[in-house]
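S.K.: Assemble the whole structure, with the sequences as input and the hints as a guide.
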Amino acid sequence: MLPKISIITVVYNDGKNISRTIESVINQSYNHIEYVIIDGGSTDSTVEEINKYRNKIDVFISEKDKGIYDAMNKGIQLCSGEWLLFLNSGDFFHSTDILDLMSRHIEQSNNSDIIYGDFNVLSEGVKFGFVNKATDVNRIKKDMIFSHQACLIKRSLHQKNIYDLKYRICADYDFLLQSYLEGAKFYKVSEVIATVSNGGLSDMNRINVFKERLQIKNTLTPSLMNHFYFFKSVAYLSFVELVKKSIPDSVFEKIYKLKYKIRGTNN
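For the sequence shown, my numbering gives the first residue as 87, with consecutive numbering after it.
None of these hints come from the bench; they were simulated from the model.
Heads up, a few of these hints could be off.
Unchecked claim - The calculated lysine to any residue pairs, modelled on SDA-like cross-linking and capped at a C-alpha distance of 25 angstroms, are:
(1) K252 / F316
(2) K142 / T182
(3) K152 / R241
(4) K160 / Q235
(5) K271 / S198
(6) K90 / N113
(7) K219 / K330
(8) K228 / K271
(9) K340 / S283
(10) K271 / Q235
M.R.: This is the structure we're talking about:
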């Protein structure tokens, strides 16, 4: 019997992008989908856009929340699929048959708890996208190895371990690292699952990401190496920004493309 997959979309005041996300879900060739949308009480055109597709959406609520992870927790509690995947507003599936492909991986995954793959990243201010290759799960103690938009999670696991709201940026990393440490089974697939927009994260926001991940790692896996990886990440970010300011955009883009081509070959 084909597994039921719940797709959960969290949105707040994103009327210009929500339709692309919805259409990417409802146009999937896989039929055993439950679609859940959690809106944070939007005041723009978001709800109006959602209502255009209301007959294609199984669960829809619009109410104030305590942030993205609170909304995601609501989605976990409201969905009923055996598996779930978060595809938040602005993100979209890589192809119309990706859930069909993922359902086959579920059958082959030997009773895994989390099935993950690659994702495409679109960056504001950069004229190209790149594929971010998922890496071996054992590297999760160092860093986030895939995007939550590029993984299927067993609902039973996620209902047991919901997102910790004390983490405002990296609660997904906290959940994944905790699941790994508790013995959850991960299964990596060679599929580009979704396209994700990074929203033009500022340097300060990236540093805050590094800080929160450090806090999570120090809580779950205390080690001096955590601080080494933190300072290494900050130094790398500073170097990239220095290079970006020092060379023409066209040259920077060529270097960036080469970097991700090499990463894709080595992972």
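S.K.: Take the hints in turn and mark each one as holding or not.
M.R.: Evaluated hints:
1. K252 / F316: holds (20 angstroms)
2. K142 / T182: holds (16 angstroms)
3. K152 / R241: With a Cα-Cα distance of about 22 angstroms, the restraint between K152 and R241 holds, given a limit of 25 angstroms.
4. K160 / Q235: Within the cut-off at roughly 17 angstroms; holds.
5. K271 / S198: holds (5 angstroms)
6. K90 / N113: holds (16 angstroms)
7. K219 / K330: The hint holds at about 23 angstroms.
8. K228 / K271: holds (18 angstroms)
9. K340 / S283: This hinted pair holds, its Cα atoms lying about 20 angstroms apart.
10. K271 / Q235: Satisfied, since the Cα-Cα distance of roughly 18 angstroms is no more than 25 angstroms.
Of the numbered hints given earlier, the model fails none.
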